[in-house]
Amino acid sequence: MRAAASAARHAQRASRRSLATMRDRLNDLGNQMPQQGPPSGLIGAAAGVGAVGFVGYNSFFTVQGGERAVLWSRVQGVKPSVYGEGMHPRIPLIEYPVHFDVRSRGRNVQSLTGSKDLQMVNIQLRVLFYPNKEELPWIYTRLGHNYDDRVLPSIVNEVTKAVVARYNASDLLTKREVVSNEIRNALTQRMAEFRILLDDFMLTQISFSNEYTSAVEAKQVAQQDAERARYVVEKAIQEKRSIIVKAEGEAESARLIGKAIQNNPGFVKLRKIDTAKEIAVTVSRNQGKVYLNSDSLLINVLGDADLADEKKGKWR
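Convert by adding 3 to the 1-based position in the sequence shown; the result is the number in my numbering.
Bear in mind the hints are in silico, worked out from the structure with no lab data behind them. Glycine included, every Cβ here is placed at the ideal spot set by N, Cα and C. Fair warning: there could be bad hints in the mix.
As the list claims (entries may be wrong) - Computed beta-carbon distance windows for the label pairs:
1. Leu121 x Glu242: 40 to 50 Å
2. Met205 x Asp228: 31 to 41 Å
3. Gly80 x Asp152: 20 to 30 Å
4. Leu200 x Glu161: 16 to 26 Å
5. Val284 x Arg233: 38 to 48 Å
Unchecked claim - With a straight-line cut-off of 30 Å between C-alpha atoms, the simulated DSS-like cross-links for lysine-lysine are:
6. Lys119 x Lys164
7. Lys119 x Lys178
8. Lys249 x Lys262
9. Lys164 x Lys178
10. Lys280 x Lys262
11. Lys262 x Lys275
12. Lys275 x Lys249
13. Lys238 x Lys249
14. Lys82 x Lys136
15. Lys280 x Lys249
16. Lys262 x Lys243
Using the sequences plus the hints, can you model the full thing?
Shown next, in the form of structure tokens:
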């Protein structure tokens with residue numbers, strides 16, 4: 004065992020010596036090779052081509068569709084010209100383009116304000132706007148690229164509060180179109196001062212406090228109850244009038260019947276005949292068998308006195 008271990012150690016030492024010898028030989032060969040770099044003329048040409056390419060690439064800038072651009076110069080600042088869509092020249096490392104999106108953009112604004120009758124109203128508005136294309140240098144110089152965040156929330160709240168304060172809470176619902184048009188006109192004038200154009204304006208929602216909403220509901224319920232009570236009174240009055248008219252009609256009918264009987268005794272006989280016809284029709288429609296005497300059927304419409312008079316006339 005000891006002999007095997009000793010042989011292994013000798014083998015390791017021999018391998019290490021061979022590796023060191025090979026490393027020294029490689030170092031000697033590397034030192035003997037000539038040290039040559041690329042030619043200086045080639046480096047200069049490559050640098051010149053790169054510089055020309057850089058200057059040519061940065062001598063133009065492109066404006067995409069729906070955008071406008073202004074140039075900021077290290078020497079002059081913001082230039083007054085506005086550049087439309089397409090490719091335009093610039094001075095590299097001196098002028099830098101600043102792009103603006105000139106398409107209509109929407110913004111939601113929420114305003115909590117008070118009405119003329121001191122009711123708190125929560126109004127939500129949606130404003131569609133875009134910058135004045137000819138005034139982009141002014142906007143960039145005074146407001147910056149995020150001009151809408153700087154201007155719109157404040158002026159929309161200002162205009163909304165000023166208009167809503169001239170109307171009662173109920174008028175905001177019944178005159179919603181008038182209020183919307185008034186806010187639109189005032190907002191158009193106010194935004195024009197900051198070179199922003201109003202494309203469209205929408206009054207999306209109007210909500211009141213819970214107390215005011217409950218009061219309005221209670222008022223509506225009271226009005227409905229009053230209308231219901233008024234209807235009941237009117238119905239009673241109409242029924243009273245109907246009863247009076249019916250009574251008057253019956254009295255007039257009785258008076259006319261009495262007058263007709265007084266003037267013509269045969270009127271009673273005629274009424275008996277009509278009544279007998281009605282009884283006969285009712286009995287004929289009944290599927291059962293009914294036995295009635297002539298008095299019940301009112302068939303003896305002539306009466307005993309009439310029969311006696313008739314017999315006397317025959318004997319004569």
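Quiz item: Has the given pair, Lys238 with Lys249, been kept, meaning a C-alpha gap of at most 30 Å?
Solution: holds (16 Å)
Practice problem: Take the C-alpha atoms of Lys249 and Lys262, compute the straight-line distance between them, and say whether it is at most 30 Å. | Solution: holds (20 Å)
Exercise. Verify the proposed pairing of Lys280 with Lys249, using a straight-line Cα cut of 30 Å.
Key: holds (27 Å)
Quiz item: Has the given pair, Lys119 with Lys178, been kept, meaning a C-alpha gap of at most 30 Å?
Solution: holds (14 Å)
Exercise. Starting from the range 16 to 26 Å, see whether the pair Leu200 and Glu161 falls in it by beta-carbon distance.
Key: At roughly 18 Å between Cβ atoms, Glu161 and Leu200 fall inside 16 to 26 Å, so the hint holds.
Quiz item: Can the suggested window of 31 to 41 Å be confirmed for the beta-carbon pair Met205 and Asp228?
Solution: About 37 Å separates the Cβ atoms of Met205 and Asp228, which means 31 to 41 Å holds.
Self-check item: Pair hint outcome, Lys119 versus Lys164 [Cα-Cα no greater than 30 Å]
Solution: Holds: Lys119 and Lys164 sit about 11 Å apart, inside 30 Å.
Quiz item: Within a Cα-Cα threshold of 30 Å, do Lys275 and Lys249 meet the stated pairing?
Solution: It holds: about 24 Å lies between the C-alpha atoms, which stays within 30 Å.
Quiz item: Do the alpha carbons of Lys82 and Lys136 lie within 30 Å of each other, as the hint requires?
Solution: holds (14 Å)
Practice problem: Given the hint that Lys262 pairs with Lys275, test it: the Cα-Cα distance must not exceed 30 Å. | Solution: holds (17 Å)
Quiz prompt | Cβ separation of Leu121 and Glu242, checked against the hinted range 40 to 50 Å | solution = holds (47 Å)
Quiz prompt | Given hint Lys178 paired with Lys164 - CA-CA distance at most 30 Å | solution = The hint holds at about 16 Å.
Every hint from the earlier list agrees with this structure, and none is contradicted.
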